[in-house]
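With the hints as your guide, set chain D onto chain S.
Residue numbers (our numbering), protein chains in the order written: chain S, 1 to 403; chain D, 1001 to 1321.
It is possible that part of the hints are untrue.
If you want the ones that stay clear, here's a sample from chain S, every Cβ over 10 Å from chain D, calculated [to be verified]:
1. Thr125
2. Arg176
3. Gly197
4. Arg234
5. Asp267
6. Gln278
7. Glu281
8. Ala301
9. Thr342
10. Pro346
11. Gly368
12. Asp400
Restraint-style ranges between C-beta atoms, simulated for each label pair [stated by the list, open to error]:
13. S/Gly345 to D/Glu1127: 48 to 58 Å
14. D/Leu1104 to S/Ala180: 51 to 61 Å
15. D/Leu1123 to S/Arg364: 41 to 51 Å
16. D/Leu1123 to S/Gly139: 35 to 45 Å
17. S/Ala158 to D/Gly1150: 26 to 36 Å
18. D/Leu1123 to S/Leu215: 24 to 34 Å
19. D/Gly1081 to S/Ala376: 26 to 36 Å
20. S/Thr154 to D/Leu1104: 43 to 53 Å
21. D/Ala1198 to S/Lys222: 34 to 44 Å
22. S/Ala225 to D/Glu1206: 31 to 41 Å
23. S/Asp378 to D/Leu1240: 39 to 49 Å
24. S/Asp378 to D/Leu1104: 50 to 60 Å
Sample of chain S residues with no beta-carbon within 10 Å of chain D, all distances over it, derived [claimed, not checked]:
25. Ser230
26. Pro297
27. Thr362
28. Asp365
Since the hints were derived computationally from the structure, they do not count as laboratory data. Beta carbons: idealized from backbone N, C-alpha and C, even for Gly.
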Amino acid sequence: MRAFSFTIASARLGWLLSRPFASCLVVLALSVTPAATAAAPGVSATEIVVGSIQDLSGPIAMLGAPVRDGMLMRFDEINASGGIHGRKLRLAVEDAAYDPKKAVLAARKLIERDDVFAFLANMGTPVVMATMPLIIEAGRPHLFPFSPHESTYTPLEALKFQMFAPYQDYMNAATRHMLASGRYARPCLLYQDDDYGLEVMKGVEAGLAASGASLAGRTSYKRGATDLSSQIARLRAAECDLVVLATVVRETVAAMAEARKLGWNVDMLVTASGYSAQTHELGGAAVEGLYGVAVLPHPYAETASPELAAWIGRYRARFGVAPNVWGAMGYTIADLFAQAATRAGPELTVEGFVAVLENLHTGRDFFGGPAYRFSAQDHLGNRQGRLAQVRGGRWEIISDYLE
Amino acid sequence: MTASPIRSAVGTTIAVAAVAAIALGAFGVQQMLGQLAFVATYAIAGLGVILIVGQSGQISLGQGALLAVGAYVQTYLCLRGWPALLALPLALVLGGAGGWFASLPARRLGGLYFGMSTLAFALIVEEVLVRWESVTRGSAGLAVPAFGAGGWTAGSPERQALVSLVALAAAFWCCRRLLASRIGRAWRAVRDDEVAAAACGIDPAETKTRAFVAGGALSGLAGALYAHWIGFVSPEQFGLQLSFELLILAFVGGVRSLAGALWGAIVIVAIPQLLSPVRDLLPAGLANAAGFDAIALGAVIVAVILFRPQGIAGRGAGPGD
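One chain only, chain S, in its complex shape (with noise of 0.2 Å):
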């Protein structure tokens, strides 16, 4: 059977209305009837529904299922000691793996079918950036998403908050504390060829100008790239004594273990993206003495106080695997949530939770995170990062917040 050969009279786009694909349409125009809105979206006399749109399957999947592990981890203990005001806090996670495409869909999903009340954590800057202007249309808050893009907190919009700084930021102190400490007169930099990549250069540029000193090199690779023998040995040639690395784990360790296989024992400062106990269980002895930007200490069992040692045996029970730094990021920006939803009263609206988000101002928490800070004419949170270095295999803080 030909599968469009249903005409009407001489009509040329008679496969148009071909049985199957005449249907759809038939049924889908048929299916127009009104959203039922809500005066406070996702807000019930039982619960508030929050939704989240994360990579469970994509690229950066290794970021999004722990963070949303933290996040329900978060909202689970709330639900469990009674919700907030007597409502019961849900979590409604999307998996758009990256991909805008799905993300527009997975929002459009969220904020008719869920009727979410506000955003968490949506990961991955393309998807934020595709999202984030139906989100904010459709009048929910966008909070805390997961990308360095600097329009997530800015212009200043009611709508808009954030917790994590640029990489631009962090970096900016970071080169500027490391030359500060006069070890370093040729700074390197090897950076992924994508927008990550970039602002981290801004960042470092930055520094480095405000320490009067210039990059002596710098070299890039692309996103998926497991070889960078080329790029070690053309920083090498360089007389790099310093090589900020713009990378994320794989490229961490690959780029670590390419100079020491040289015997080239230069220091090598990485971002938060590469600030992972990933980076050492898979780098091992290579990625001894690498120094790496902390936003959020990562949570290990050994050096734990007894608050974060009780958080990560929760943890372990629940999920069956040890936490990581990205799980607890999702925790305290589910808490953050709460913490405002909590001061924003049993009439909890979109305008009242926003007033207090305005106003919350946290202290330091048992993972030895910053103290947040929002105002009416700052949504972002934090700027500062730490300095951290694998020491006897494991990330061990090294300096306070940089200013």
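Same frame as chain S, now just chain D:
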């Protein structure tokens, strides 16, 4: 021989209607219309693949780059004040020009070697988009204004769906005309036996170029619409993954039939969304497993390949077959 096709058509109709009804029950209207806009847009891109791969028998591994050309041309012009409706034809033309450029190696290369050259074309385009910062803003990407004309904007899903369906209808009509013409017959002749086609007076290189120009123009159109519906373009969106996604779309839908583009787009765009409410019904441990959607989509694709090896629309024979 007549009862079976009728039963088949009725069965397909009932199945599609049932799926659509379930989807409508599970989703809101806005989301369904949003999906329809993407299905139609991807179907236009799928038509481009079908012309090149299914009709003229060439391997194209760089179709995503042709979408990128359309998306960036449209974005660039709209950001400089061009009405989207006026920019659209230019995106289409430059998409066709990109197709022409990608087809140049076909004059000397064939088969897999030519396929590799299209891969190189895709990598070059991605690199240009990253490097040409003054125009593309590099990896930082560009925000895209809403599609509109004369004060009317397609900001809502229903308007986006309407624009996409009109564009798809026009694209389908053009493709039907092309396949029924001398050009379409030449494509199929080259696909089936290049030497024999040449012996009949058909210039294989010229014929392949025409297929790439037509496929590139369709990709340019799809890319332009895609840019508006997403609202943000960056080079990483148009990488090899998109090219392979479009190939999967064409083969799952049926690469020899124009209808295959629509069916493939439904599988690629809508099936992952249909899985979402199913996941909500599963136990949290299973539903929250990383990669659930990817595995489920993979299973659907494997099932299609097993039970409809020529694609969902593959048993049909359009004018091109």
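Results of checking the hints against the structure:
1. Thr125: 7 Å, violated
2. Arg176: 24 Å, holds
3. Gly197: 8 Å, violated
4. Arg234: 19 Å, holds
5. Asp267: 27 Å, holds
6. Gln278: 15 Å, holds
7. Glu281: 18 Å, holds
8. Ala301: 23 Å, holds
9. Thr342: 25 Å, holds
10. Pro346: With a cut-off of 10 Å, S/Pro346 remains clear of chain D, as the shortest Cβ separation is near 28 Å.
11. Gly368: Holds, since 27 Å exceeds 10 Å.
12. Asp400: Correct as stated: the minimum Cβ-Cβ distance to chain D is 31 Å, above 10 Å.
13. S/Gly345 to D/Glu1127: 48 to 58 Å: 54 Å, holds
14. D/Leu1104 to S/Ala180: 51 to 61 Å: 55 Å Cβ-Cβ, so the 51 to 61 Å window holds.
15. D/Leu1123 to S/Arg364: 41 to 51 Å: 47 Å, holds
16. D/Leu1123 to S/Gly139: 35 to 45 Å: At roughly 42 Å between Cβ atoms, S/Gly139 and D/Leu1123 fall inside 35 to 45 Å, so the hint holds.
17. S/Ala158 to D/Gly1150: 26 to 36 Å: Since the Cβ atoms of S/Ala158 and D/Gly1150 sit about 31 Å apart, the hinted range of 26 to 36 Å holds.
18. D/Leu1123 to S/Leu215: 24 to 34 Å: Holds, at about 27 Å.
19. D/Gly1081 to S/Ala376: 26 to 36 Å: Taking Cβ atoms as reference, D/Gly1081 and S/Ala376 lie about 34 Å apart, which means the hint holds.
20. S/Thr154 to D/Leu1104: 43 to 53 Å: The hint (43 to 53 Å, Cβ to Cβ) holds, given that S/Thr154 and D/Leu1104 are roughly 45 Å apart.
21. D/Ala1198 to S/Lys222: 34 to 44 Å: 39 Å, holds
22. S/Ala225 to D/Glu1206: 31 to 41 Å: 39 Å, holds
23. S/Asp378 to D/Leu1240: 39 to 49 Å: Hint holds: Cβ distance 40 Å, inside 39 to 49 Å.
24. S/Asp378 to D/Leu1104: 50 to 60 Å: Check passed, 53 Å falls within 50 to 60 Å.
25. Ser230: 17 Å, holds
26. Pro297: For S/Pro297, whose nearest Cβ neighbour in chain D is about 25 Å away, the distance exceeds 10 Å, so it holds.
27. Thr362: 28 Å, holds
28. Asp365: 25 Å, holds
In terms of the numbered hints stated before, the structure departs from hints 1 and 3, listed from lowest to highest.
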